[in-house]
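Keeping their order, the protein sequence lines are chains A and B. Using our numbering, the first residue of the first sequence is number 19, and each one after it goes up by one. Using our numbering, the first residue of the second sequence is number -13, and each one after it goes up by one.
These are computed hints drawn from the structure, not numbers from a lab. Among the hints, a few may not be true.
[Claimed, not checked] Simulated pairs of lysine to any residue, SDA-like, Cα-Cα distance not exceeding 20 angstroms:
| # | chain 1 | residue 1 | chain 2 | residue 2 |
| --- | --- | --- | --- | --- |
| 1 | A | K201 | B | A212 |
| 2 | A | K282 | B | T300 |
| 3 | B | K315 | A | G285 |
[What the hints assert, rightly or not] Just so you have them, the derived chain B footprint on chain A, three or more residues with Cβ under 8 angstroms:
| # | region |
| --- | --- |
| 4 | 198 to 206 |
| 5 | 331 to 337 |
[Stated by the list, open to error] Derived coverage of chain A by chain B (criterion: at least 3 residues anywhere in the stretch with Cβ under 8 angstroms from a Cβ of chain B; other residues may be distant):
| # | region |
| --- | --- |
| 6 | 162 to 175 |
| 7 | 226 to 237 |
| 8 | 255 to 269 |
| 9 | 275 to 285 |
| 10 | 311 to 325 |
All figures in this text were calculated on a predicted structure; none of them were measured in a lab. Even glycine gets a Cβ: it sits at the ideal position worked out from N, Cα and C.
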Amino acid sequence: MVAGDWSRVRLHVVTGKGGTGKSTVAASLALALAAQGRQVLLCEVEGRQGIARMFDVDPLPYEERRIASGLRLNGRAPGVVHALHIDPESALLEYLAMYYKLGRAGRALDRFGVIEFATTIAPGVRDVLLTGKVYEAVQRNSRNKSAIQYDAVVLDAPPTGRIAQFLNVNDELAGLAKVGPIKSQADSVMTLFQSPRTAVHLVTVLEEMPVQETADGITELRRAGLPVGSVIVNQVRPHDISAHDLAAARSRQLDAERIEADLKEAGVDIGDELVAGLLAEAHDHAERRALEDSQRAVVAGLGLPTYELPRLPGGVDLGGLYELAGDLAEQVKR
Amino acid sequence: MKARTRVGPLAAAPGPVPAMDVDALIDDPGTGIIVCCGSGGVGKTTTSAALALRAAERGRKVVVLTIDPARRLAQSMGIEQLDNTPRPVTGLRTNGRGNRKGGSLDAMMLDMKRTFDEVVEGQATPEKAKQILENPFYIALSSSFAGTQEYMAMEKLGQIHAEAQRDGTYDLIVVDTPPSRSALDFLDAPERLSSFLDGRFIRLLLTPAKGPAKVMSAGFGLITNALTKILGAQVLRDMQTFVTAFDTLFGGFRQRAQRTFQLLQADGTAFLVVAAPEPDALREAAYFVERLGEDRMPLAGLIVNRATPEPRGTLSGDEAMAASARLRKRAPDSLTAGLLRLHADQTRTVEREALLRARFAAAHPQVPTAVVPALAGDVHDLAGLRQVGALLAEA
């Protein structure tokens, strides 16, 4: 496992195929980064209010809200995680207010449905607005006085299949706006995204399709000149059975008598089915572990820093997020 | 999106969840369309393909319309190229002397842009179609407008259904829906597209082309100035050209959307909501079930994919954990301790999933449900699809 160097990274973009837990990983990453007094902003852009659900708070407005303390590491006081739910309409109105003194025209734009038009018709425009706000949070300037300065921003981004298109705002706009302020806004956003201050992390599980999609995503990101940070492998099965025993379990050659003796020794009531059940479970587990191992080799072949997070049998709650954050912090430090 | 009121069950006693009879559904000659919906990553594509294969091998003439299958699955079905035309799937199980039951399976991968282009070409004069197809706004709208894919899936469904009615090519169409963030996008897309095309701003852009409108013009001047300032004059010009050229087609689009919507409400249609036993996926499924009810669309049932299999024996998770700890104290790398830990994890996962399903059922009783256990590997051939089909039928 190669650890990546995140010391220069200000913007962490987290993507992943549906069902791989990218939002969970983004939230855990935010908690991990907010250790040791650092201020972190966690953003979501898909209108899902997933952050509010994970952290069990009211739905988030278009406003930075304090949602949690970061991870406590080595007994040092943690920092704070703020969260922001970015919707394109609010981002456009804020952008207009910040950069143009439109006055009456600004209100007319809304009244005539232009805001709705601009944010629905061209996904290019929509993505420029969403990424533009993320850019603003990373690169705070004098126009936004009294705003919090963050040490890191974590973006819970659209899924792997759409990530390169989403971040490559220049390209998306190229067909629509060739000059003008929207275009120059897209240019500055792009400069940040293509710099070493940005890292795109791809979340996957060790199954064939998500791993394939991750590989495709990396190719697309690289083609667009976007810096790929790491692959974060989520929902990894526990590794507390030795390779030798796994092989035996797969070929159904585990020693049933030995297991039965162990169970008796531990004072477990064996009943009719327990040993057979454990053997069947062991076989399934060994099959899945073998598939995981073959996919792990594929992930290793991608040549990126890779981190692994365990499958949480009880589901992901707030405690689970801190647990995953701890795992991440541990591996990144190495 | 409109706010929707949630209505709980009316004094329904929490009874057993009715089981879904998949074979009865696909064997019923009255079932003409099956739509598989659900949020992304729950196995919709695999479920649709497996149902289609099973129906075909049981004698139906089936076409499956998929959106974005895994590469190897697409290859095994012979649809790796995106040509927007159904292609026959070979390798159906036969009874020794060909498929005696007379079933067949075609498969197609949807090309959203091409479908959109074909609609434009079918409705406009060649010169006008060319003008539209080359406009930058049309290109943006047809390739990435949020909802275009959903809309085009419905458009294609309408086309195939009309052809099937006319030529008797198929008697069952299975539709996989796009991997959207929300299953609702599929039903909302036509409304979103037509409300967009009906939008005030579009009307406004059309106004100057249609003659004087003194009342609007003051506001319009204000707006064009603001937009020119922000977007640049060229963007505004492109927009206006696009809207003007497209105007005559709007009516046609709305009518087609309306027809497809009615097709979805018809008796021969069955919706299957696909979910995984995870809170997000089941929440989406719940929204979707409610929405189908409101829109009077026929719901056939819920499919919960990737369920953790029930462990055998009666040892509880806590007992297994405790016993595992005891064994580890004596022998840290005890195999039995590892097995007990696995058993405990599996038991806990099964309990959590059962609780999630029970909550869904409490709020939505009477939704027939099929629970499909997770397979150890990925599905990428007909044999795998057949296995999923059998699990669906047994569930």
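Quick rundown of the hints versus the structure:
| no. | hint | result |
| --- | --- | --- |
| 1 | K201/A with A212/B | holds (16 angstroms) |
| 2 | K282/A with T300/B | holds (15 angstroms) |
| 3 | K315/B with G285/A | holds (14 angstroms) |
| 4 | 198 to 206 | holds (count 4) |
| 5 | 331 to 337 | holds (count 3) |
| 6 | 162 to 175 | violated (count 0) |
| 7 | 226 to 237 | holds (count 3) |
| 8 | 255 to 269 | holds (count 5) |
| 9 | 275 to 285 | holds (count 7) |
| 10 | 311 to 325 | violated (count 0) |
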